[in-house]
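Number of protein chains: 2
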Amino acid sequence: MTDHYQKSLELHKKYRGKLRTEAIAHIESRDDLSWAYSPGVAEPCREIAKDPEKMYDYTLKSRTVAVISDGSAILGIGNLGHRASMPVMEGKCVLFKEFGDVDAFPIIVGTQDVEEFIKTVKNIADGFGGINLEDISAPRCFEIEERLKAELDIPVMHDDQHGTAIVVLAGLINAMKITGRNIENMRVVINGVGAAGVAICKLLLLYGVKDIVMVDSVGTIHPGRKDLNPVKEMLTNITNTACLLDPSNSACIIGWLAAAVSGRDVFIWVSVAGALTEDMVRSMAPDSIIFALANPTPEIMPDLAKAAGARIIGTGRSDFPNQVNNVLAFPGIFRGVLRYHKKQITDDMKIRAAEALASYIQNPTEDNILPDALDKGVAEVVALAMKD
Amino acid sequence: MTDHYQKSLELHKKYRGKLRTEAIAHIESRDDLSWAYSPGVAEPCREIAKDPEKMYDYTLKSRTVAVISDGSAILGIGNLGHRASMPVMEGKCVLFKEFGDVDAFPIIVGTQDVEEFIKTVKNIADGFGGINLEDISAPRCFEIEERLKAELDIPVMHDDQHGTAIVVLAGLINAMKITGRNIENMRVVINGVGAAGVAICKLLLLYGVKDIVMVDSVGTIHPGRKDLNPVKEMLTNITNTACLLDPSNSACIIGWLAAAVSGRDVFIWVSVAGALTEDMVRSMAPDSIIFALANPTPEIMPDLAKAAGARIIGTGRSDFPNQVNNVLAFPGIFRGVLRYHKKQITDDMKIRAAEALASYIQNPTEDNILPDALDKGVAEVVALAMKD
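Top to bottom, those sequences are chains A and B. Per our numbering, residue 17 is the first one in the first sequence, and the count goes up by one each step. Per our numbering, residue 17 is the first one in the second sequence, and the count goes up by one each step.
Keep in mind that the hints are not guaranteed to be accurate.
Each pair may be met inside one copy or between any two copies, as identical chains are not told apart.
Stated by the list, open to error - Straight-line distance between alpha carbons at most 30 Å, and here's what the computed BS3-like set of lysine-lysine pairs gives: (1) Lys23 / Lys248; (2) Lys392 / Lys226; (3) Lys218 / Lys66; (4) Lys248 / Lys30; (5) Lys322 / Lys193; (6) Lys403 / Lys248; (7) Lys242 / Lys29; (8) Lys359 / Lys242; (9) Lys138 / Lys322; (10) Lys358 / Lys322; (11) Lys30 / Lys226; (12) Lys29 / Lys359; (13) Lys226 / Lys23; (14) Lys193 / Lys226; (15) Lys242 / Lys403; (16) Lys23 / Lys66; (17) Lys29 / Lys138.
Since the hints were made in silico from the structure, they are not lab data.
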């Protein structure tokens, strides 16, 4: 076992988890008891019964996010079940607190049935000011998030989708500046059509990218494929769109990853195992931009990618430049939506978050397109971007 | 509005609730991130996937209780709905922390359907080391608690039932010593057949009391009544048992409260509105013991009760002697069951808790049968009693 795994086990055991609760109101006197509990507490109860919005005045709902998982897609490991997801959920809550000063609490849900999961989350949602969904497998995660967004009156975000997408877009905005690219004619390939891949694709299209090809383990996504789930089916309408007009057109890309990569400006690899070869990098447009996000081992090492012609490469690793780390996004986003009483996290807000992150770097360079993941000034800048 | 209501509103608003989360693991360096989150956190996840019991080693489950309500019976107010229960649940969590050093988190459940409530709680239970049910209306609370106890592998306790019962029994144990009473021939009447009344009745029977009459708003509980719910039906087999043999026997008490009180040694009033008259006290056995638990106004004031012949009177009020306050029981009980890895809170454990509370008073007197609710040494004594 590597050192950091051993250390992680030891420290988890020492602390028995990483999060605790703390009383804001300390109870030392009869007077303390009487306002914080009986009989005084009856009054905020009655006020909330008259107007449920008063929960934001009198309870922790105003400050608190639920971090919820069913454990169906834990980190890059897979479906280990809800119990095994707890250390990740607690870790996420720690990051919420440490980076966003947001109170967050982990909830693990013991069902992977979509309807029952949704019902359970809805039944406990009113105690929270927002919901951060985490480590839920695709394509279930799409329906779960959409339904909860539609059926609840608090912000809901599946971070594996949108957190990653926001940070990738932020990095891409700066990478575009450095490489002098134009959003209108930039050609993008995304390998991986899971939670992150789909969200990145949608966010880039919203931001103005016109040409994206998606690739899964079977090859490029195109209308001729008979094996597509409904989400991938939907993607055939908005990506690789040359195929919609004429599948025989050379602009319609049918085939393996290599065919999709050739000539592309931007390569984003998420969720599918495998390696990005130097040959593939060589086949891309000059000064290409690569996000190779597998953790801990990127699909290609930055030095090899650069030697093969890439100009900018982002990874998930903290010991390489340009780390794509969701902690840059979610603490500030929820800090902002709680502060400004937002009921939804809209596409516009996601784009504003990405722009705020990109602007945080005053002079972007090839090795500096994203803020440092440990920079505790980032969350406030992202939170401010949630305002309008 | 009285002062303590106004103060409670102001302080709830100032703090926006009374509870917050806190990181045990602070994140200042890449190394911190790497053990508390990615990639190190994968290792405790894998360990838990192999053995779910490892949750107690590596997560907050080992320290944490869910305080759960549907808001169907908030304090003495009634069914104000789940949202309005939040200030009480947060307050309870604060008491757990302040008195028991137990991490507790409030969960409000947005359904009052028994099956759906049970399913929701079961679906989120694995993240917690115990469940404290709170402010759930009778008789629903009995089925909910029994089912959750049977179907979950963590301790579940409805505090409105057992917390109150344990503290009343503790007080009664000392009151018996002072008045020289014997458990075998002590005659008890309980007015109120809700959560607390039923639990007190059951615990006193378990402890050895032989003669209890229960009274609800219609009168004494006896087998001749046609309006009984299943719980009250069950009570006809274990209380007022003379009626089982022969309803015409004078020992079978059929009638109003006054008939039930006459000649009794102990009067416990919970859950039913009304006043205990001095005439009723005069009709009791000499040196009677009274628990008049309505809050904030007891069913009879202690000085009046004593003038009418009662020797010992306990109330819910902190400004009178002998306060029956659940905070004497639940923090220590859950502290103990978490520490000793108990999967259930058994009847034996409840009796041991009551005995520990009673013994905490070295020299019981008429005005000192229970520990002070603010005494922070109590919880550890109760916790130790959970051991065997």
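Here is how each hint holds up against the structure:
1. Lys23 / Lys248: neither (40 Å within a copy, 57 Å between copies)
2. Lys392 / Lys226: neither (34 Å within a copy, 66 Å between copies)
3. Lys218 / Lys66: Cα proximity of Lys218 and Lys66: none, with 41 Å in one copy and 37 Å across.
4. Lys248 / Lys30: neither (44 Å within a copy, 49 Å between copies)
5. Lys322 / Lys193: within (18 Å within a copy, 86 Å between copies)
6. Lys403 / Lys248: neither (33 Å within a copy, 56 Å between copies)
7. Lys242 / Lys29: For Lys242 and Lys29, the Cα distance exceeds 30 Å both inside one copy (49 Å) and across copies (57 Å).
8. Lys359 / Lys242: neither (38 Å within a copy, 51 Å between copies)
9. Lys138 / Lys322: Result: close neither inside a copy nor across copies, 48 Å intra and 52 Å inter.
10. Lys358 / Lys322: Classified as neither; 42 Å inside a copy, 58 Å across copies.
11. Lys30 / Lys226: neither (51 Å within a copy, 49 Å between copies)
12. Lys29 / Lys359: between (38 Å within a copy, 21 Å between copies)
13. Lys226 / Lys23: neither (46 Å within a copy, 59 Å between copies)
14. Lys193 / Lys226: within (18 Å within a copy, 85 Å between copies)
15. Lys242 / Lys403: Answer is neither; intra-copy 44 Å and inter-copy 62 Å both fail.
16. Lys23 / Lys66: Between copies, since 19 Å is at most 30 Å while 51 Å is not.
17. Lys29 / Lys138: Between. Shortest inter-copy distance 26 Å satisfies the 30 Å Cα cut-off; intra-copy 32 Å does not.
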